[in-house]
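The hints should help you fit chain B onto chain A, whose structure is shown.
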Amino acid sequence: MIPEIGNFSLILALLLATLQGTLPIIGAARGIPSWIALAKPVVQGQFVFVLIAFFCLAYSFISSDFSVLNVANNSNTELPFHFRLAATWGSHEGSLLLWVLMLASWSVAVSVFSKQLPDDVVARVIGVLGLVSIGFLVFMLFTSNPFDRLLPAAAEGSDLNPLLQDFGMVVHPPMLYMGYVGFSVAFAFAIAALLSGKLDATWARWSRPWTIIAWVFLTIGIMLGSWWAYYELGWGGWWFWDPVENASFLPWLVGTALVHSLAATEKRGSFKSWTVLLAISTFALSLLGTFLVRSGVLTSVHAFATDPARGVFILAFLVIVISCALLLFAWRAPKVGLGGKFDLLSRESMLLANNILLLVAAASVLLGTLYPLIIDALGLGKLSVGPPFFEAVFVPIMTPAIFLIGIGPISRWKQMSLPALAIRLRWAFGISVVSALITPFFMGEWKPMVSFGLLLAFWIIVCAFVNVKHRLNNSGEGNLLTKLSKQSRSYYGMHCAHIGVAIFIIGVTLVNSYETEKDVRMEIGSKVTVGGYVFQFNGTSDVVGPNYKAVRGEISVLKDDQFVRNLYPEKRTYNASGMAMTEAAIDTGFFRDLYVALGEPLSNGAWVVRAYHKPFVDWIWFGCILMAMGGITSITDRRYRLKIIKKESTAARVAEPEKQAEGTPAAVASATTKVELATETTKV
Amino acid sequence: MKPRHKKLVMIASGVTALGVAAILVLNAFQSNLVFFFSPSQVIANEAPIGKSFRIGGLVAEGSVKRDDGSTTVHFAVTDTAETIPVVYTGILPDLFREGKGVVAQGKISDAGIFLADEVLAKHDENYMPPEAAEALERAAKAQRASLAQ
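Chains as they are written, first to last, in the working numbering: chain A, 2 to 685; chain B, 60 to 208.
In isolation and in its complexed conformation, chain A is listed as follows (with noise of 0.2 Å):
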């Protein structure tokens, strides 16, 4: 019964979806207030029933209704609540479905958190949502339901991969499909531009914390993936160069290049009709991520259970979307217009270079994520693209854009100059220069490629600190704390984030040159040497888990004969599946992780392990969480929250778009937030 209601729903929330893609949007082109006014309630609607569906498939899985194909596929008694509850999105109709979800609650927070937008801007907005929830919907029902029923029933189901059971596996998902989905927020919001004409720095102000709320959650979610591949995978690596990977890299890619490319057109009105374009290929590139992921065209770790049929939907879903969305920007673009004139060496010059050098390493990625799939399409044979390829081609083209992350905040709007600019930063580079070359000497080895890491991450955080005393020197009276309290939270934002970049890039230097790898035939007392601690095999013994067996290896770790810790890897035989899973034990610490991972058994109760030491490891994942929490402050800043904007005015502004493509800042800001745009500007 209850599945047949999730079911019901989905198709109830397919028909709402049909109406909040047509009606809306029709209304909004021929001016009919009530085809206008249906959006929101047809968008809660819809939501309310994917939920429902959600919660039906969450309760079969819960209570183990193995007479649902998809349970009985990817559950099993023995796992564990949290597990079972996690299986709801572990498998691909799973999936699907959650990301319908998280698809109809971004339309739904639109829906209720845009009461300053026009009402014609919010319809065509949620139409568009509508039409990518309608392709969702129609692709799951068709090719992949989730409640299809398997009769008769199975009287145990076949477990979940054991890979997935880990807590990693219970928010990952979520997180990166938060992400991916939210992009189509920012899509909406262009194609709402390009169908209504109008696109100026209110625009710009009302998606760019959309766009930035997705781009947080797509950060977080690749870093939790990577994570999880860390110490679940049980390689010890952080991050493979793996087409799944880089499926989620794109979008962070282009997404990143569009959260920068939109502030230009918030602050200056420029570069719009190139904000659309990446915000539709953002876009794209979610949908190009999914259909990776879910066609099974890839080899890969997440290349599970496959179907032919929905990688066609999808490769059809994609190329209708792309197709009428580049199709809706050639016809509308000129429209749009190009934005306000700068010069060349200005804070737009800068943020352009980044912008063009952050899709430069995102079309390299996806030419080496894609050939295989090409060349074997073609029938020219299989071929894999390495890792190497990847940090040969991407390292080159994202060091000239990290050296501007140092200097892209410190210079100015519309036109700069080159010598004062050298003048400020002359000492930043003086230092980061001297630190770089003198901290590897602390690792014990001086070696050439550290030292460049180390600059440019020293360079951005030096630069950042140059910054941040310069606007405070310029912020009039008072103490160090008003002026700093003066500040917007954008500007402590956009630091934050950045200085995230730097951790990040500290840490991914330091545990590529410095790690210690060593896979070891160990016996029963026998000692090995890694990065200067001792590891101390002291034999093995059997656990019993809630739905596997597992072996447990005690491993002592010993730093000048000090007693430091005893970490225990497993090895575990799932009951239902009779998977073997390792399960990696692993000491954290600020400047070192110790890994640990059990290989195989050999004779007399030796084991081959892995004993790795890895300096600095984690702050390659603290780095992402800085650049989350960079783009979270960014967003509570004030103008995001002034709800006070009046609709008159807001109409009044919308009625001369182009006024502001002269570049006069003031005309680009609002009433209520002129005062606060002009400080700024002038503070720069």
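Read the hints as simulated data drawn from the structure, not as lab findings. Some hints here could point you the wrong way.
[As the list claims (entries may be wrong)] One side of the interface only, derived from the structure: several residues of chain B facing chain A at Cβ under 7 Å:
1. Lys65
2. Val68
3. Ala80
4. Leu83
5. Val84
6. Ala87
7. Asn91
8. Leu92
9. Val93
10. Phe94
11. Phe95
12. Thr130
13. Gly149
14. Ile150
15. Asp153
16. Glu190
Note that this is a predicted model, so its numbers are computed, not measured. Just so you know, even glycine gets a beta-carbon here, dropped at the ideal spot from N, CA and C.
Same frame as chain A, but now just chain B:
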């Protein structure tokens, strides 16, 4: 600077950036493309010598042997028509089993032994890597063809 010059400089720098990126990509591409060969192809000397490539197929039954005293493993990869001996040092993935699909990356030695530096992990008991599936398919096709003659 005149607007026309400004535009020229911008276009020039954009083209330079793309050019540099293209050179980087092509350069890295040439040395990092890893081709796939089935055991039959390797036996037929189609695989490159001294260059890294991938082989795929099934782990031959009864072929897995561990050295005492080291972490080196010997096993054989078969596409049911031909079999290639493989040597690998390190820890095999959890789902490595005799009779199951496998993909390995490495070079072929003069003695015809495949020196693997990577054995690819699968993450689902029943999942067959596409490369391994293709190797088996090719071998089956060749056998059918020879039977038909």
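Do the hints match the structure? See the list:
Hint on Lys65 of chain B holds. Least Cβ distance to chain A is approximately 5 Å, under the 7 Å limit. Interface restraint check: Val68 of chain B against chain A, minimum CB-CB distance 6 Å, threshold 7 Å, status holds. Below 7 Å, beta-carbon pairs count as interface contacts, and Ala80 of chain B has one with chain A at about 5 Å; its hint therefore holds. Hint status for Leu83 of chain B relative to chain A: holds, with the closest Cβ pair at about 5 Å, below 7 Å.
The beta carbon of Val84 of chain B comes within 5 Å of a beta carbon in chain A, closer than 7 Å, and the hint placing it at the interface holds. The beta carbon of Ala87 of chain B is positioned within 7 Å of a beta carbon in chain A (closest approach about 4 Å), and the interface hint is therefore held. The beta carbon of Asn91 of chain B comes within 4 Å of a beta carbon in chain A, closer than 7 Å, and the hint placing it at the interface holds. The closest approach between the C-beta of Leu92 of chain B and any C-beta of chain A is roughly 5 Å, which is under the 7 Å cut-off, so the hint is satisfied.
Contact between Val93 of chain B and chain A, as hinted, is supported at the beta carbon level, the nearest pair being about 5 Å apart and thus within 7 Å. Taking 7 Å as the C-beta cut-off, the interface hint given for Phe94 of chain B holds, the closest approach to chain A being about 5 Å. Here the hint on Phe95 of chain B is kept, as its CB sits about 4 Å from the closest CB of chain A, short of 7 Å. The criterion of a C-beta within 7 Å of any C-beta in chain A is met by Thr130 of chain B, whose closest approach is roughly 5 Å, and the hint holds.
Interface hint status for Gly149 of chain B: upheld, as the beta-carbon distance to the closest one in chain A is roughly 5 Å, under 7 Å. Restraint check, Ile150 of chain B versus chain A: the minimum CB separation of about 4 Å is within 7 Å; hint holds. With a cut of 7 Å, the hint placing Asp153 of chain B at the interface with chain A holds, because the nearest CB-to-CB distance is about 4 Å. The beta carbon of Glu190 of chain B comes within 6 Å of a beta carbon in chain A, closer than 7 Å, and the hint placing it at the interface holds.
Hint check: no violations occur; every hint is consistent with the structure.
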